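Let's have the full structure, built from the sequences with the hints guiding it.
Chains V and W, in that order, are what the protein sequence lines are. Note that the working numbering has the first sequence beginning at 130, numbered continuously upward. Note that the working numbering has the second sequence beginning at 133, numbered continuously upward.
If you are wondering where the hints come from, they were derived from the structure by calculation, not from laboratory data. Hints should not be assumed to be uniformly reliable.
Taking lysine to any residue and the SDA-like style, the derived pairs with C-alpha atoms no more than 25 Å apart in a straight line are [said to hold, decoys possible]:
id: 1; chain 1: W; residue 1: Lys163; chain 2: V; residue 2: Arg505
id: 2; chain 1: W; residue 1: Lys241; chain 2: V; residue 2: Arg505
id: 3; chain 1: W; residue 1: Lys241; chain 2: V; residue 2: Leu512
id: 4; chain 1: W; residue 1: Lys295; chain 2: W; residue 2: Tyr421
id: 5; chain 1: V; residue 1: Lys289; chain 2: V; residue 2: Asn321
id: 6; chain 1: V; residue 1: Lys565; chain 2: W; residue 2: Trp363
Computed footprint of chain V on chain W; a stretch qualifies when at least three of its residues, placed anywhere within it, have a C-beta under 8 Å from a C-beta of chain V [claimed, not checked]:
id: 7; stretch: 301–309
id: 8; stretch: 371–381
id: 9; stretch: 512–523
Computed from a prediction, not measured in an experiment: that's the story for all the values here. All C-beta atoms in this analysis are idealised placements derived from N, C-alpha and C, irrespective of residue type, glycine included.
One letter stands for each residue in the lines below.
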Amino acid sequence: MDLGNLASLKHFIPEMILVAGVLAIVIIDLAVRNKSRLGVLALIAAAASLLAIGLEPALSGAWLFHRMLVFDSFAIYFRTLIALAAVVAIWMSIGSEEVKSCDQGEYYAILLASTFAMFLMAESANLLMAYLALEFVSLTSYILTGFLRHNRRSLEAALKYLIYGGVASGTMIYGMSWIFGITGSLDFNVINKALSTPAHLPVLAVFIALVLILTGMGYKVASVPFHMWAPDVYTGAPIPITTFLAVGSKAAGFALLTRFFFPAISHLAAGGSWTALAGVDWPQLLLFVCIITMTLGNLAALQQTNMKRLLAYSSIAQAGYALMGFVVLSNDGIRAMLFYLFAYYVMDAGAFVVVMMVANSTGREDVDAYRGLAWRGGIVPALALTIFLFSLTGIPLTIGFIGKFYLFAAVIRGQFYILAIVGILNSVVSLYYYLKPVQMMFFEQPRGDEGSLRFQAWNYGLMGVLACATIAFGLYWSPIISFANRSLSFFTGPT
Amino acid sequence: MSHALTLITFVPIVGMVLILALPGAMKNAFKWIAAAATVPQLLIAIYLYEHFDTTTSAVQFAEKASWMPSYHITYFVGVDGISISMVLLTALIMFISTFASFGINRAEKGYYAMLLMLDTGMMGVFVSLDFFLFYIFWEVMLLPMYFLIGIWGGPRREYAAIKFFLYTLLGSVLILLAMLGLYYYSATPTFDLTQLAANSSHYSIGFQRIVWIALFIGFAIKIPAFPFHTWLPDAHVEAPTAISVILAGVLLKMGTYGILRVNFAVLPAASYQLAWLFLGVIGTINIVYGAMCAMAQTDYKKLIAYSSISHMGYVMLGMAAFTAAGINGAVLQMFNHGTITAMLFILVGVIYDRAHHREINGFGGLAQQMPIYTAITGFAFFAGMGLPGMSAFISEVLVLLGAWQTHPFMVVFGAATAVLTAGYLLWTFQRIYLGPLNEKYKDFPDLSFREAFTLVPLGIIVLILGVYPQAILGLLNTSLVHLNQVVLSTSGAAVAMVR
Numbered sequence: 130m131d132l133g134n135l136a137s138l139k140h141f142i143p144e145m146i147l148v149a150g151v152l153a154i155v156i157i158d159l160a161v162r163n164k165s166r167l168g169v170l171a172l173i174a175a176a177a178s179l180l181a182i183g184l185e186p187a188l189s190g191a192w193l194f195h196r197m198l199v200f201d202s203f204a205i206y207f208r209t210l211i212a213l214a215a216v217v218a219i220w221m222s223i224g225s226e227e228v229k230s231c232d233q234g235e236y237y238a239i240l241l242a243s244t245f246a247m248f249l250m251a252e253s254a255n256l257l258m259a260y261l262a263l264e265f266v267s268l269t270s271y272i273l274t275g276f277l278r279h280n281r282r283s284l285e286a287a288l289k290y291l292i293y294g295g296v297a298s299g300t301m302i303y304g305m306s307w308i309f310g311i312t313g314s315l316d317f318n319v320i321n322k323a324l325s326t327p328a329h330l331p332v333l334a335v336f337i338a339l340v341l342i343l344t345g346m347g348y349k350v351a352s353v354p355f356h357m358w359a360p361d362v363y364t365g366a367p368i369p370i371t372t373f374l375a376v377g378s379k380a381a382g383f384a385l386l387t388r389f390f391f392p393a394i395s396h397l398a399a400g401g402s403w404t405a406l407a408g409v410d411w412p413q414l415l416l417f418v419c420i421i422t423m424t425l426g427n428l429a430a431l432q433q434t435n436m437k438r439l440l441a442y443s444s445i446a447q448a449g450y451a452l453m454g455f456v457v458l459s460n461d462g463i464r465a466m467l468f469y470l471f472a473y474y475v476m477d478a479g480a481f482v483v484v485m486m487v488a489n490s491t492g493r494e495d496v497d498a499y500r501g502l503a504w505r506g507g508i509v510p511a512l513a514l515t516i517f518l519f520s521l522t523g524i525p526l527t528i529g530f531i532g533k534f535y536l537f538a539a540v541i542r543g544q545f546y547i548l549a550i551v552g553i554l555n556s557v558v559s560l561y562y563y564l565k566p567v568q569m570m571f572f573e574q575p576r577g578d579e580g581s582l583r584f585q586a587w588n589y590g591l592m593g594v595l596a597c598a599t600i601a602f603g604l605y606w607s608p609i610i611s612f613a614n615r616s617l618s619f620f621t622g623p624t
Numbered sequence: 133m134s135h136a137l138t139l140i141t142f143v144p145i146v147g148m149v150l151i152l153a154l155p156g157a158m159k160n161a162f163k164w165i166a167a168a169a170t171v172p173q174l175l176i177a178i179y180l181y182e183h184f185d186t187t188t189s190a191v192q193f194a195e196k197a198s199w200m201p202s203y204h205i206t207y208f209v210g211v212d213g214i215s216i217s218m219v220l221l222t223a224l225i226m227f228i229s230t231f232a233s234f235g236i237n238r239a240e241k242g243y244y245a246m247l248l249m250l251d252t253g254m255m256g257v258f259v260s261l262d263f264f265l266f267y268i269f270w271e272v273m274l275l276p277m278y279f280l281i282g283i284w285g286g287p288r289r290e291y292a293a294i295k296f297f298l299y300t301l302l303g304s305v306l307i308l309l310a311m312l313g314l315y316y317y318s319a320t321p322t323f324d325l326t327q328l329a330a331n332s333s334h335y336s337i338g339f340q341r342i343v344w345i346a347l348f349i350g351f352a353i354k355i356p357a358f359p360f361h362t363w364l365p366d367a368h369v370e371a372p373t374a375i376s377v378i379l380a381g382v383l384l385k386m387g388t389y390g391i392l393r394v395n396f397a398v399l400p401a402a403s404y405q406l407a408w409l410f411l412g413v414i415g416t417i418n419i420v421y422g423a424m425c426a427m428a429q430t431d432y433k434k435l436i437a438y439s440s441i442s443h444m445g446y447v448m449l450g451m452a453a454f455t456a457a458g459i460n461g462a463v464l465q466m467f468n469h470g471t472i473t474a475m476l477f478i479l480v481g482v483i484y485d486r487a488h489h490r491e492i493n494g495f496g497g498l499a500q501q502m503p504i505y506t507a508i509t510g511f512a513f514f515a516g517m518g519l520p521g522m523s524a525f526i527s528e529v530l531v532l533l534g535a536w537q538t539h540p541f542m543v544v545f546g547a548a549t550a551v552l553t554a555g556y557l558l559w560t561f562q563r564i565y566l567g568p569l570n571e572k573y574k575d576f577p578d579l580s581f582r583e584a585f586t587l588v589p590l591g592i593i594v595l596i597l598g599v600y601p602q603a604i605l606g607l608l609n610t611s612l613v614h615l616n617q618v619v620l621s622t623s624g625a626a627v628a629m630v631r
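Following this line, the structure appears as structure tokens:
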């Protein structure tokens, strides 16, 4: 189905709710003096959007807005994930001490707008739309990163983010122009058709174009070598925004990456395996990217003493793990990747919630601030953080293990043995730094001058939900995997 | 009892939940709840022992339920002769070590909760017949162990805990990869270990070898086999007494158990080819090297830890023999090592609680002050040396006899090490217990009732099995002879050679 502007709106309700939320916040912000309720309004908008995704009528797929966007089950999966990330980010913002000092109206309006843009990224069916959505996400992210205007670190992070982002997206749009030159279209489906007829295709030119495009997308998922911004930005941004970037923005990046590299420039054969079109060996390239991303992320994390920075490098490594599902070129792999992104959302967001709770109470973000946390009133956050960190390592009884299990299953099935070995060794290395805070919290005794800590019930609630989800889905993960399974179909429609 | 195995596995979890639910101020309640949780476990173990059919090698008390149908993952538990002996050992050691833990006086709530979680993890490993489930329990047991060493351990506990965790995780991720390989290349994708074993001829020999080695490394780290043994002395020295008891008594057996359960049963052809090197030679190195290291120690606990490494070598050597005597001896040695080493670690704990150090040369003449303690130590040392009339004598002789037919050269080393073992144990006994009494220790009390209570049952079992080994061998024999036949029959020419 190729829907026009008005007919598309029926399938655009979640996005419209977000836009309505943005407008409502901007207007109410002008009218009221007490801004503290704006966060709740944003939370309601994000939750309503999430609900709207759940209530969307079942449909095999459709083009929206004259083939700019595509509505299919793959988009539903990622929009759900992004909406969940937004809910967590807003929930955290309400409970964050850092954000209290900011202009609440602008903050929440931009956060919702960013969510909206990420939705568009997950749905793009056209390179131009993809570029616009990605830039929209980037612009809002720059602002949110630099939102702590009186904090030098925050400003520095925003500037670095802006410069890296500008270069990356410039490179990407240059690559898109090559694709347009080669295939004569920006539409994913038409590109696929053009590349499927290999006569006189300049393979080298296509390859260069893909590398250039990968720059922009790799930058969004923070894969090596476009990861350099991540540690600084994650450390400088307010913690809720760090969380939002780490789980939401990364998921949106993966959505775009998958949608471009699979339905647009690959061919699905029977039995759920994909082949790259036109003899372009991008899987080999991504294999290296994947291996280097996880190894470098883990090795760099070993040295970190700031929790946000440690989690930043860890999130680079986690993106590397998720890419394992990407490079095996099979539906098994994509399913594993989808599941892993959900697992990553639960555990990484959870870890950041605890980091924020500790930062709220102590004003510190370094690992040393966690000394003896379990013995000075923080036994529950300490246990929760331990669960999240073990999950990130991939220890059983947590969702992280199930995610890794699916990834390695896909890798072994695809016979990528080297990748499997590297991935496994990386898991072992990562244990070392994930254990650092755990040792600090449990094995060290608190120093005399550190009093008993108190945490807000609001944050306890979110932490509890995420910790329970980490364990519960580690024991019974059927709902998630069948959701991921349903989301494997890309709408490519009759042209 | 139709769900005996599920009960025996999850009873400790009930205790754990109860402990977690109570307020932290009820310090005294926790240890009694933990002790109470291990009693039904022991009773169920005895029930299983009574009702176990020793005439068949088939799986008994099996329970099966679907868990993840899309990946053919099931909750599948059951025991055969090999696992029931380990279930018995686990129930016994956990009962003993809960009482050995009563001296813990810090964060008791967490300690006993972790102890019970560890209990479930270990028991689960021994009853699982689904590889995925086996792996889950295998890993679950790591977490409480890490915290038990790390929070309640000695001065270098952080180092010991993380070393233990990293080593074992490296092993278990290799097991994970091997597990996935076995799953995808089996005749019909399954994690069911009995089915994998039944279709073992489906795997090509090259594939078997690779998977075998990956699994072996995973399990060898746990045994611990040379050169993966370096975590063990650290972990033992830093761990509290009861945790050392569990570590030596049960945890190490999981390695050799895994090799029997997975390597031997699922990959028999590769087992036959590789066992002489990986189990025979490395086992012999374990025996000799462990004993020599033990001789060089000045820390009482480290000495016992190395002697434990040495004694686990006999298990590996017996497994490499592929004779009925060898493999029976190996598993009997697993059981005996569990009881004897547990005694030795409790004995070390007794003196450490009083003196707060473990320097062998810092003691002397304790026999005058603590006669009962000294007598029991002497008994345990003789058991460790494998003197006739004690349980270890039977199992070590069986191992050596069994291995003599296939690996006579290794047996020479194994048998000669008995002299080294006697040497370091007697020398240690002399330095600590004999000679003039060190004045510093002249007001040490002898064994308390609780300490005696943890030691005496183990001693009785050592004596009984020394005289009547059939009590355990009867359980093992049918299953082990069957397993041995399976391995031998995969290589027809090899059978002739063994005869």
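Each hint, compared with the structure:
1. Among the hinted pairs, Lys163 of chain W with Arg505 of chain V is consistent with the structure: their alpha-carbon atoms are about 23 Å apart, no more than 25 Å.
2. For the suggested pair Lys241 of chain W and Arg505 of chain V, the alpha carbons sit about 16 Å apart, so the restraint of at most 25 Å is met.
3. Distance hint between Lys241 of chain W and Leu512 of chain V is fulfilled; the C-alpha atoms sit about 14 Å from each other, no more than 25 Å.
4. Among the hinted pairs, Lys295 of chain W with Tyr421 of chain W is consistent with the structure: their alpha-carbon atoms are about 21 Å apart, no more than 25 Å.
5. For the hint pairing Lys289 of chain V with Asn321 of chain V, the CA-to-CA distance comes to about 35 Å; that exceeds 25 Å, so the pair is violated.
6. About 19 Å separates the Cα atoms of Lys565 of chain V and Trp363 of chain W, which keeps this hinted pair within 25 Å; it holds.
7. Interface restraint, the stretch 301–309 of chain W with chain V: holds (6 residues with C-beta to C-beta distance below 8 Å; minimum three).
8. Judged by the Cβ-Cβ criterion of 8 Å, the stretch 371–381 of chain W is not covered by chain V as claimed, because only 0 of its residues qualify and three are needed.
9. Look at the stretch 512–523 of chain W against chain V: 0 of its residues bring a Cβ nearer than 8 Å to a Cβ of that chain, fewer than three, so the hint is violated.
Hint compliance for this structure: hints 5, 8, 9 are not met, and every other hint is.
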